Every structure is written in structure tokens, then in C-alpha cells.
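Peer 1: This is what each chain is made of:
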Amino acid sequence: MTSRLRREDLVRMALRSSLLQATWNYERQQGLGWAWALQPALDRLYPGSLERCERLAEHTAFFNTQPTMASLALGAVAGLEERRAAGEGPDTDGMRRVKSALGSALAALGDRLFWFSLRPFAACVGVLLTLSGSRWGGLGLWLCYNLVHQSLRLWGVGWGYREGPEVLGAALRRRLERLTRLVGQLGSALVGVTIAVLLAPGGDSRPVSFQALLAIGLAAGLVVAHRGRPSPTAWALGAGFVSLAAVWFG
Amino acid sequence: MTFPVLATLLTGGLAALDAVPVAQTLFSQPLVTASVLGWAWGEWRVALEVGVVLQVLAASTQPVGARTPEDYASGGVTGAGLALALASQQSLAIARDGCALVGVLAGMVTALGGVPLVRWQRRRNEALSRWCEAELRRGHEGALAQSHRAAVVLAFAVGVGYSAVSLGLGFWVLRRWVDFESLRLTHAWSVAEPLWLGLGLAQMLHAFVQRRLSRAALFGAALIATWLALMVGAP
Numbered sequence: 167m168t169s170r171l172r173r174e175d176l177v178r179m180a181l182r183s184s185l186l187q188a189t190w191n192y193e194r195q196q197g198l199g200w201a202w203a204l205q206p207a208l209d210r211l212y213p214g215s216l217e218r219c220e221r222l223a224e225h226t227a228f229f230n231t232q233p234t235m236a237s238l239a240l241g242a243v244a245g246l247e248e249r250r251a252a253g254e255g256p257d258t259d260g261m262r263r264v265k266s267a268l269g270s271a272l273a274a275l276g277d278r279l280f281w282f283s284l285r286p287f288a289a290c291v292g293v294l295l296t297l298s299g300s301r302w303g304g305l306g307l308w309l310c311y312n313l314v315h316q317s318l319r320l321w322g323v324g325w326g327y328r329e330g331p332e333v334l335g336a337a338l339r340r341r342l343e344r345l346t347r348l349v350g351q352l353g354s355a356l357v358g359v360t361i362a363v364l365l366a367p368g369g370d371s372r373p374v375s376f377q378a379l380l381a382i383g384l385a386a387g388l389v390v391a392h393r394g395r396p397s398p399t400a401w402a403l404g405a406g407f408v409s410l411a412a413v414w415f416g
Numbered sequence: 009m010t011f012p013v014l015a016t017l018l019t020g021g022l023a024a025l026d027a028v029p030v031a032q033t034l035f036s037q038p039l040v041t042a043s044v045l046g047w048a049w050g051e052w053r054v055a056l057e058v059g060v061v062l063q064v065l066a067a068s069t070q071p072v073g074a075r076t077p078e079d080y081a082s083g084g085v086t087g088a089g090l091a092l093a094l095a096s097q098q099s100l101a102i103a104r105d106g107c108a109l110v111g112v113l114a115g116m117v118t119a120l121g122g123v124p125l126v127r128w129q130r131r132r133n134e135a136l137s138r139w140c141e142a143e144l145r146r147g148h149e150g151a152l153a154q155s156h157r158a159a160v161v162l163a164f165a166v167g168v169g170y171s172a173v174s175l176g177l178g179f180w181v182l183r184r185w186v187d188f189e190s191l192r193l194t195h196a197w198s199v200a201e202p203l204w205l206g207l208g209l210a211q212m213l214h215a216f217v218q219r220r221l222s223r224a225a226l227f228g229a230a231l232i233a234t235w236l237a238l239m240v241g242a243p
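Taken in sequence, the protein lines are chains L and C. Quick note: to get this note's numbering, add 166 to the position in the first sequence (first position is 1). Quick note: to get this note's numbering, add 8 to the position in the second sequence (first position is 1).
The shape of chain C in the complex, shown without the other chains (with noise of 0.2 Å):
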């Protein structure tokens, strides 16, 4: 179990650094995690259950001007970590989405606890761009280099930090529960599953459509025309 979990450790630091330091390449994005921990723990399954249901929440969390939006990369990971170190305890393959109803519980509470931790980031870096300011107008060039790098070290450390006290918090207590009451998990997991994902896909329609009729009816065109090409085509 011990290259899983640093994998998924390594993998908080990365995403928390592309989710808003270095490139945001969509890194940071709970299905992108949610894949290579896949891969890294061998279980897909449980893996893309929690990736898309925190995906399609995601997606309409935007980075604009100085809001601070929820921090789904943390999330994600720890989510999907979770589900999967639980998951890896469960003999029974039934039990495994009772795991990724509780992975997507852990990850949306670790997204909305990683905002004030976002928050003390960038109040100090305040500190360290008055520091580089006046250093520069002393001549040190270097300052630059050294704030970036400074920034950029504290970022993968949060990041990785946040998710190891995550997921190892989310272990130790969720663990005992999820054994005892995986049937019960895993019956609750099918009536939040459909409400999650309708809520996310609701909130991305909003996002397309912004109250053109057009592309409501392309909309509404498209999925009656899959969904009768998905029944009619089926044997």
C-alpha cells in the first residue's frame, strides 16, 4: 500500500500547484486525479465514480478575478484517495460505492476547508511581494527567482500536507463506519449519485445556455435525438 499512497500524496502536491501557481493545465481537476490514482491504486472502477461526481461539482467553481473558489484539487485528491483506500479494505466489489459516496462527502469537505488555506496563501505572499519590491530597488535581482521559488515550494508543501492530514484523518475515523454499514453506504450512494450529477450538470447548462433560447433547444435537440439513437440502436 505504500506506493499508492505517496502516489496520491505526490499527486495533492501537483494538483495544488496547477490548480492556481505553475501553468493550470487542468492538472488540478478531480477526473484527472481521480485517473492517475486510478491507475496508481489498480482500481478504475471506484476511481471514475468519484472523479465524475466531483468533476461535473467542479466545473462550475471558477477562478475569477479575487474570488476564492472552493479547492477541488485538494479535493479531488483527497476524495478519490479516500474512496480508494477504503475501497482497498472491502472484500465484498458491492461494498465499493458505499467508498465513493464517502470519498465524494470527504473530498467536497476538504474542498470547502482548503479555501481559508488558499486564503492564508495569498495574504502571504503580500509579505513576500513587498519583500521582493524593495529588494529589486536595492539592486538584488535575484529576489525574483527566490520569491517564485519560495511561492511555488509553500504550494506543493500546503498541498501536500492538506491531503496526508485528509486522507489520514478521513481513514482513521470513516473507517470502522464504513465497514459496519457499507450495505447501508451503498443504497444511500445510488439516491445521491443521480442528485449530484443533475445538480453539476444543471449548474454547466446554466453556464452554455445564459438564457439563449437557441441553445436551449440545441440542448433539448441533443438529448432526445442520443437518447433515441441510444434506444433504437440497442438490440
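Okay, chain L solo, but in the shape it has when bound (with noise of 0.2 Å):
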């Protein structure tokens, strides 16, 4: 079958899925972001208005995943939606079936890659680079998740499209895997960097009572990580107030 999707229309729906989310809800989550995204593939496949109109309507149900993974789960489903038009795709219930696989696997991997990998990662660098004396920490951190979270946005819509509903196979899970394995490396390294940066900035000691409430809350840290409520914000709100009571009437 010749593709009838051109290239302009997956970088249209690469750029359209920066707004997955923006419709966000308890309902359908990312289903409205998710037929806005795909609406360049059905308005090329889909000549008529009506016919097109339904299978928008039919894609607005629900569907979640990790927001940069989507690309590809949204490359995979208009190469089927490609096959629908010609008379060959699966019909509404594959195609929910199909999304619905996508999304959970995709959404596996890219919460780990991205979410408790990368994110920490990027801010570990941007943190580590201001504690360093620069002031471009807020621009390392971002230019550090975006080198990854952009591109795989801009270039997944391409390779779900090329892969199909394989495009999560062996070989790209495993990438992945061993990319967010070498992000949660690099962070422990990065972390203990960070830490020796704050008990001697530039080589000069930083005062005892600094150093061991650094290490009460570290302590404390990983005591609270290991509890779900009350959430490491209220921790830190608490430890705040104690702080103000303590020097109030310490």
C-alpha cells in the first residue's frame, strides 16, 4: 500500500501533541489532546467531513500515557488509521484495543525514563551548577531534559508511523531500558557530587552545624521516602515552621 500521509502532516501532528494534555481530565485524561494530534492524518485520509468528523468523535475517548512517549503510540495509530481508510485496518474496537496497549507499555517505560529518571536527573544538574556559582542552572536543566524529551517528540511520531503497533519491540524497549538504567547511574553519582559541593563549596568547610543539619535531613529524606502521606512538601513545611521555633524561642 502506497503511503498517502505525508511528511509535513507527522511533523504537524509531532507539533500538535505539545497540547496532549491541555484538555487534561478525570474522564477521558488525554483523549481530546489525543484526536486534536491526530487530526492532520484523518483531515488527509478522511476527504469527507462527516466520516471524518466520526472517527475525530470516536478518538476522543479515553486514553493516557507518558505525554513524550505518545509520539509514537500517535506515529503507530495513524499508519492504522492509514490502513482503516483503505479498507484494511482494524475497526473501532481493535483500534481501541490497540491504543489501549500502546499507551500502558509506552506509559511503563517513559514514567521510569522520564519522569523518575530524567526529570530528577536534569534538576540534580541544574541544582548542581548553581550550588557551582553559575548562574545558568535554570537553562542546564532545561537544555538537559529537552536534548531527549523534544527530540524523542518531534522524531516518535515518524517511528510509530515506520514501526507500526510493533513500534515498541525488543530492540527500542531495551534502548530505552538501558538509557533510563545509565540516567539512574548517573544520578546517584550526580547526587553524591552535589552533596560534597554543599559540605565544602570551592574547598572551604562549611560550618559544623551546617553540615549536620544536612545530614539530619538527609536522614530525614530517606525515612519520608519510604511513606506515602503525609507527602516530602509537608515534611518540608513542617521542618520550616520548626526552624522559625526553634531560633524563636531557642
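Quick caveat, the hints were computed from the structure, so don't treat them as lab data.
Covered stretches of chain C, as calculated for chain L (at least 3 residues, CB under 8 Å):
no.	stretch
1	116-130
2	151-159
Which residues of chain L face chain C? A few of them, derived with a C-beta cut under 7 Å, are:
no.	residue
3	Leu185
4	Thr189
5	Ala223
6	Pro233
7	Arg301
8	Asn312
9	Gly353
10	Val357
11	Val359
12	Ile361
13	Leu388
14	Pro398
15	Leu410
Have a look at the derived ranges for each label pair, beta carbon to beta carbon:
no.	chain 1	residue 1	chain 2	residue 2	range
16	L	Trp325	C	Gly241	42 to 50 Å
17	C	Arg157	L	Ala381	45 to 53 Å
18	C	Arg220	L	Phe407	29 to 37 Å
Here the structure is a predicted model, which means the values were calculated and not measured. Note that the Cβ used here is the ideal one computed from N, Cα and C, for glycine as well.
Since each chain sits alone in its own frame, please combine them into the complex, following the hints.
Peer 2: If you want it as C-alpha cells, here you go:
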């Protein structure tokens, strides 16, 4: 089957995927954003307005995955829609099953890579740069994250389109898992470097009181990390008020 | 003072957009917005002090699944903005650390207070998505674009409005307290800052190590090697 979707359609889909979460809600989660991102492909595949609207309405149903990884699913589903428009692809139920399976699999990998590894890693890079005296820590954080995030968002649709529903095959899965592992290892080392820089910035040891309080904070943080509630922010707020009370009444 | 205040509110709106609705580039992270505000107010030290503390605390809040995490987009802007606004009223440089403490506390309160607001927007979007599907089934294709425009405008307006209210309220309530108690607050900052950094870094460490002994060893080796390099390398 010759490809009916053009390169510019895939680029428009990739750009529109930035708004995947614009209408996020508890009922359909990314459903509406998904339909919006897929619209350029449906515009090309279904010249008839009524049929196109029907397909778009179908795609507003529940969908959720990690937003960067959604590009891969978008490309794969655009390929399926192309086959469907030619009378070969899956029906509505089949499409729903493919979306659901892809969404879950991509979320399982994407959450670990982007939310649990890359995001704290980028934050650590930014914090370390700032603690080392640079004003560019914020920019460092932003660049470090977006190098991976925007690349995957822009090229992911093309990958998904070429590979189809098998986009998350063993090769890509292995590559993403290796990247997650690498970021985790580098992140562990980076936290160590950050704490050392905090203890002795520029080779001058901080006062013992600072070092002791940092150690108390670290120990408390490791205990808090194993508990779901109250949230770390609530603990930090409590620590702030305890510090105020200690100075006022101490 | 007009330009920095307007820049702070605009940053609040843009951060609210970036956090969830648009692109998720991490522009909304406290260190990034604090850097922007540091430039706008011409006071980098206070901005980055607040930005670093809020950043290590924000790094462990994850927007996974249907969970509504703390709103550190507004928290970061309010925290750094309030600290900078208060610091601009202080003539003594030492008193500015007290402003940083107040800024971080206000940032955390704003982040926690923003959760119901984010939930309200998400519930509102439910009605929007139902309307959009009905319109599409009626053949009104433009409904998708209209829904997205409405959601983005709402998120921006809520971000600007919430930042404005938090900043205004914080400045009005806390200004006199900071003026009278600046030395005590500065002292409290020297206690709270290492505690907060420790709490936040421990969360990050927990996220990276995930009970793997090799990673814990990597952390320990990096800490000791860097500390030795800093101490031996220092003149």
C-alpha cells in the first residue's frame, strides 16, 4: 500500500502533540488532546467531513500515557488509520484495543525514564551548576531535559508510523531501558557530587552546624521517601516551621 | 517596580501552561522560573537561593497517572517573586536571607494550595470534552480547536491570577514582619536551608538508587571522591 500521509502531516502531528494534555480531565484524561494531535492525519485520510468528524469523535475517548512517549503511539495509530481508510485496518474496537495496549506499555517505560529518572537528573544538573556559582543552572536543567524530551516528541511520530503497532519492539525497549539505567546510575553519582559541593563549596568546609543539619535532613528525607503520606512538601513545610520556632524560642 | 512585577505575573501564567497543558518542557520548574525572575528583578542571589531549595523539593513530585501533584509551577514563581519583592525593600544585604526563607515557605504553601485549583480545572475540562465530542458528532469540526483554545486560556488565566493573589497577599501580610524580624529570619534560614536541601536531595537519591547496592556504592564513591578533590585541590 502506498503511503498517503505526507511528511508535513507527521510534523504537524508532532507539533500538536505538545497540546496532548491541554484538556486533561479525570474522565478521558488525554482523549481530547489525542484527537487534536491526530487531526492532521485524519484530514488527509478522510476527505469527507462527516466521516472525518465521526473518526475524530471516536478518538476523543479515554486515552492516557506518558506525554512524550505518546508520539510513538500517535505515529502507529496514524498508520493504522491509513490502512483503515483503505478498507484494510482494524475496526473501532480493534483501534481502541491497540491504543490501550500501546498507551499502557509506553507509560510503563516513559514514566520510569522521564518522570523518575530524567526529570530528577536534570534538576540535579541545574542545582549542581547553581551551587557551583553559575547563573545558568536553570538553563542547564531545561536543556538537559529537552534534549531527550523534544527529540523523542518530534521524531517519535515518524518512528511510530514506520514501525506500526510493533513500535515498542524488543530493540527500542532495550535501548530505552538502557538509557533509564544509565540516567539512574549517573543520577546517583550526581547526588553524591552535589552533597560534597554543599559540604565544602570551593574547598572551604561549611560550619559544623550546617553539615549536621544537612545530615539530619538527608536522614529524615530517606525515612520520608518510604512513606506515601504526608507528602515530602508537607514534611518540608513542617521542617521550616520547626526552624522558625527553634530560632524564636531557642 | 512595574516591569519586574509584570514579568513575575507573566512567568506565573507561562509556568502554569508549561506544567501540564502545553509542551511540558520543565520551564515551570522552580529553578528555571527563579532564573527568569532573578534576571527580571536584577537580584540573582536571592532568586537562586529560593530556586535551588524549591527545585530539590519539587524534583520528587511526579505527575504520574491521575495523581494531582503539588503545584510547584505557581509555587516556584510565588516563592521567588515574593522573596525578590521583599528583598527589594531591604537595605541590608544580610537581611535578604530572611526574605529567601519567607519566599520558600510561601512557595510551598502556594504549591499545596494550588492542588484544588488544578483539580477544579480538570473537572471543568470533563464538561468541555463531553461538549466537544457531541459537537464533533454533529459535524462541527472546529470544536476541537475551540476546546483547546478555551483550556489553554483558562490555564494561563488561572496561573496569572493565582500568582497575583499569592504574591499580593504574601507581600501585604509579610512585609512588616520581615522588616521587624529580619535578623531572626536570617538566622532561621541558616537552620532551615540545610534541612530542606537534605530532605530534597534524599528524595532524589531514593528515586535514583531504588534499593540497588551498586548505585548506593556509586553515590558514596562520588561523594567521597568529590569531597577529597575539593579539599585537596583547595589552596
